[in-house]
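Asker: Take a look at the letters that make up each chain.
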Amino acid sequence: MNLFGNLTIQILQMLLVLLPAPLLTGFIRKVKARLLRKKGPPLLQPYRDIIKLVGKEAVVADSASWLFRAVPYLVFAATWVAAALVPTFATGLLFSWSADLIAIIALLGSARFFLALAGMDVGTSFGGLGSSREMMFATLAEPAMIMIVFSLALIAGSTQLSNVAEFMLSPAVGLRVSLALGLIGLVIVAIAENARIPVDNPATHLELTMVHEAMVLEYSGRHLAMIELSAELKLSLYVSLIACVFFPWGLAPVGAGIAPHLFGIAAYIGKLAVAGVALAVFETSIAKMRVFRVPDFIGVALMLGLLATLLRFMSGSL
Amino acid sequence: MPLSGYLIGVAALLLLTLAALLPRPIRAGTVVIYGGSLGVTAVLFASALWQLLSGADWMALSLPLGIPWLGANFRLDALSAFILAVVDFGAVAASFYALGYGRHEHEPERVLPFYPAFLAAMNLVVLADDAFVFLLSWEMMSLSSWALVMSHHQVPGNARAGFVYIVMASIGTFALLLAFGLMAGDVGDYAFSTMRAHASERTVTGVVLALALFGAGSKAGLAPFHVWLPLAHPAAPSHVSALMSGVMTKVAVYGFLRIVFDILGAPAWWWGLPVLAVGAITAVIGALLGLTQNDLKRVLAYSTIENIGVIFIALGLSLAFRAHGYGAAAALALTAALFHVLNHSLFKSLLFFGSGALLTATGERSLARLGGLLNRMPMTGLFMLVGCVAISALPPFNGFVSEWLAFQAILLSPVLSSWALKLMIPAVGAMLALAAALAAAAYVRVFGIAFLGRPRSDAARNAVEVDRFSLIAMGTLGVLCLLTGVLPGLVIDALGPLVSQLIGTAMANQSQLGWLAIAPIAESRSSYDGLLVFLFITTSALMAAAIIHRFASDVSRIAPPWDCGFPDPDSATQYTPESFAQPVRRVFSGLGFAASETVDMPRPGDQRPARFELRLKDLVWDYGYQPVVSTVFTIADILNRLQFLTIRQYLSLVFAALVFLLLALAIWT
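Chain order of the listed sequences is A and B.
Under our numbering, residue 318 is the last one in the first sequence; the count climbs by one each step, no gaps.
Under our numbering, residue 669 is the last one in the second sequence; the count climbs by one each step, no gaps.
Hint data in this document are derived by calculation from the structure and do not stem from the laboratory.
Honestly, I wouldn't trust all of these hints.
Stated by the list, open to error - So, partial list: chain B residues that the calculated Cβ filter (under 7 Å) puts toward chain A:
id: 1; residue: R525
id: 2; residue: S527
id: 3; residue: I537
Unchecked claim - Listed next, the stretches of chain A that the computed footprint assigns to chain B, with coverage defined by at least 3 CB atoms under 8 Å from CB atoms of chain B:
id: 4; stretch: 21–34
id: 5; stretch: 49–61
id: 6; stretch: 271–285
Heads up, the beta-carbon is just placed ideally off N, CA and C, and yes, glycines get one too.
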């Protein structure tokens with residue numbers, strides 16, 4: 001029964017991260033537009049985009065290799081597997097033990113590795129530019145993320161996300177300096193990794209500052225649909241991660257009945273909405289950075305993560 | 001196989017060396033030497049592996065050779081069986097690869113005699129059980145590999161590489177000689193067993209640790225003694241480069257393990273500190289400098305330095321845990337180090353084989369003249385891609401598992417009571433993560449520039465796939481990279497005997513966990529299942545592709561690149577290796593290297609082309625080695641005057657020396 005229950009939760013989880021992901025992006029776009037007193041695209045526009053793209057023919061550059069065609073599916077798969085292992089509404093995921101938080105970060109690293117390769121596959125200057133900058137950001141964002149994971153794991157005594165979430169729900173957590181530092185660091189990393197303002201602008205084309213969009217410039221049709229869906233999935237993954245570790249309220253514990261799970265789903269949708277509004281307000285109120293200011297910005301996250309971990313090494317209560 | 005069997009194998013390799021010296025047609029010589037080495041090392045590998053897996057008893061053997069009162073002692077325990085398996089597997093792969101690759105050698109008589117001698121020497125180092133045999137075979141390993149480095153001595157730069165290598169190798173061996181001398185101490189017996197028995201009476205353990213770190217570390221490529229490695233490893237033929245980077249550095253790690261973990265005795269609390277510091281600096285410097293290089297084989301050599309840094313970080317953690325009495329954590333850290341030893345020997349050999357394949361197909365080592373090779377050499381490209389992903393520590397391949405184990409060991413370290421370690425280990429963790437991220441960037445650069453995009457030269461445009469021997473060697477290594485990544489529990493269990501030999505305890509048996517998962521301490525703390533992750537990724541990717549192709553569109557159109565509407569057919573408009581590294585260069589300049597870029601832009605109306613100049617300075621070389629070199633030259637200049645004295649001056653010099661020595665003797669006693 002428990003196995004069956006956990007399997008159901010796992011499957012629900014896989015759908016629950018995948019299906020609302022485009023909605024989150026649409027919601028952020030809508031809120032941003034409303035903040036600028038524009039009407040904005042309809043909420044469901046990202047779904048329409050994906051459906052339209054999937055039905056179109058894919059144009060592949062003649063200099064591309066097989067890797068170019070395989071990467072969209074690989075990136076999508078790696079991101080989806082990572083997202084399916086972050087608890088969103090319940091902690092009792094069946095396969096939670098198959099990859100811990102470090103492995104989830106590394107899975108996203110695999111996705112980025114292949115996407116950067118795809119950027120270089122066609123052999124255009126834009127693709128190389130995007131890949132090179134993306135990897136430069138990653139050289140700082142990844143250690144920052146690992147240090148934040150260290151501080152969390154040292155507080156919770158585990159790198160398994162389900163266990164971390166359960167610990168964060170328990171009264172043993174208390175208020176800690178290292179948790180606050182970790183939260184700020186994680187938000188910075190999330191902004192950088194998802195190519196949001198001030199690091200990158202998801203809405204630009206033909207601009208030398210673009211990073212993520214430059215990498216995927218040659219993609220079209222179903223390939224582009226998979227890339228877009230992966231990006232949306234990644235955004236909702238980071239929101240789920242922050243919610244699960246720092247705001248785990250509403251997560252249904254292992255073996256709970258139907259009602260707590262329904263409440264958990266409602267709470268998750270609520271958290272997504274709050275995060276979407278917060279991100280939209282933040283992005284509207286800030287300007288994009290020059291590309292060589294970004295390392296300083298991500299460097300802050302690295303230092304915060306290092307500081308949080310150091311505090312944990314020094315004292316059990318900080 | 002009894003221990004004498006291993007020695008007969010070594011003797012057979014030495015016989016092959018002699019056979020290679022006989023005059024004979026070149027083609028047959030290549031087949032005989034590499035085929036013979038393949039056969040012998042295959043037998044040695046199989047029996048070493050069986051020895052390790054079956055848990056057979058340790059074997060010792062003493063031969064009446066060498067120094068009369070010492071003899072020549074050999075021993076095969078779990079540690080040497082593991083390293084022997086790594087060495088001989090690398091040798092099997094390299095020999096098989098060389099059956100195809102070695103045919104392109106212009107002067108095989110410069111390679112063939114030294115190749116089996118090199119293999120024999122590496123086997124002997126691992127089997128040695130006294131300092132005499134150890135140092136002798138260590139020196140033989142250095143000299144034979146030096147001869148192989150010098151086999152293409154006409155190529156500019158190789159002679160200098162050989163010179164720097166032989167100087168560093170000699171100083172390193174000298175340090176090991178001193179280390180063994182100090183460990184033998186007053187007893188004066190150079191057998192490892194006697195040294196081990198007198199471990200508790202030793203007082204100068206710190207000096208021995210420093211000497212071992214220098215002697216073995218310089219061979220492995222630890223910073224700041226790494227400068228010879230990126231010169232020497234690429235200079236050799238590619239299958240020898242693979243052996244030097246993938247295997248010989250592991251023999252150096254073995255030397256460090258044997259001295260510090262086995263013979264030297266119980267560690268002091270601070271032993272972990274220097275090892276951790278040197279390892280972390282090595283990892284970051286190797287990863288950073290690798291990103292700035294354009295020569296493919298040199299990128300790989302710097303990446304070897306980085307991986308050796310990762311191994312020594314784990315070794316340092318293990319020493320720290322062991323000194324503080326945390327056996328389980330020490331076993332975890334040591335397992336991470338040994339796992340990485342295995343992983344690195346697999347993927348580094350694979351990558352060097354790939355670089356050799358590129359050299360055969362295009363004649364180019366410079367990344368700036370490659371490109372678009374995945375379409376022209378699909379199999380080589382696929383195997384290189386596997387190697388690049390594995391070495392970048394990405395799941396589900398093997399590089400990730402050992403790095404994951406190292407991270408888990410770091411997460412256990414707040415229990416250590418020493419404040420110095422508490423302050424240092426978080427920084428080391430950050431540097432380990434930084435090195436991994438930089439390695440990923442470096443391998444996106446390598447694969448993206450060499451195999452993707454459009455060809456940057458005619459040589460790359462006309463490249464064709466290489467011979468079958470090379471492909472099978474690379475394919476086998478690629479499959480093993482995946483297998484050890486998805487079935488890490490089996491490797492950890494196989495490493496159990498030697499971890500418990502060195503530490504006293506081993507990691508818990510992983511095979512009892514379901515689904516072939518691994519859990520270093522407890523499942524509630526952390527666990528990872530490479531197999532499931534691999535299955536999840538492949539099924540969801542295939543599922544997504546199948547659904548879209550079935551229910552939506554599967555039509556593709558081949559067209560010229562879009563490039564935002566301004567495509568340029570000239571392949572020079574692509575990103576170059578220099579431009580790919582530019583953001584990283586700019587962000588990290590000052591860390592081990594200094595980069596300065598100058599742009600000389602002509603004024604409007606001026607017809608001359610704009611010029612971009614990039615200057616890279618290796619700070620370790622400029623500030624670490626140049627002062628030493630110039631001091632040596634200054635002293636040599638001063639002493640040079642002694643060559644131009646009259647006979648009277650020489651006689652008085654001799655007289656003064658005699659008086660001085662007699663006086664010294666009189667005052668001393």
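Asker: Confirm or reject each hint.
Answerer: Checked hints:
no.: 1; hint: R525; result: holds (5 Å)
no.: 2; hint: S527; result: holds (5 Å)
no.: 3; hint: I537; result: holds (5 Å)
no.: 4; hint: 21–34; result: violated (count 0)
no.: 5; hint: 49–61; result: holds (count 8)
no.: 6; hint: 271–285; result: violated (count 0)
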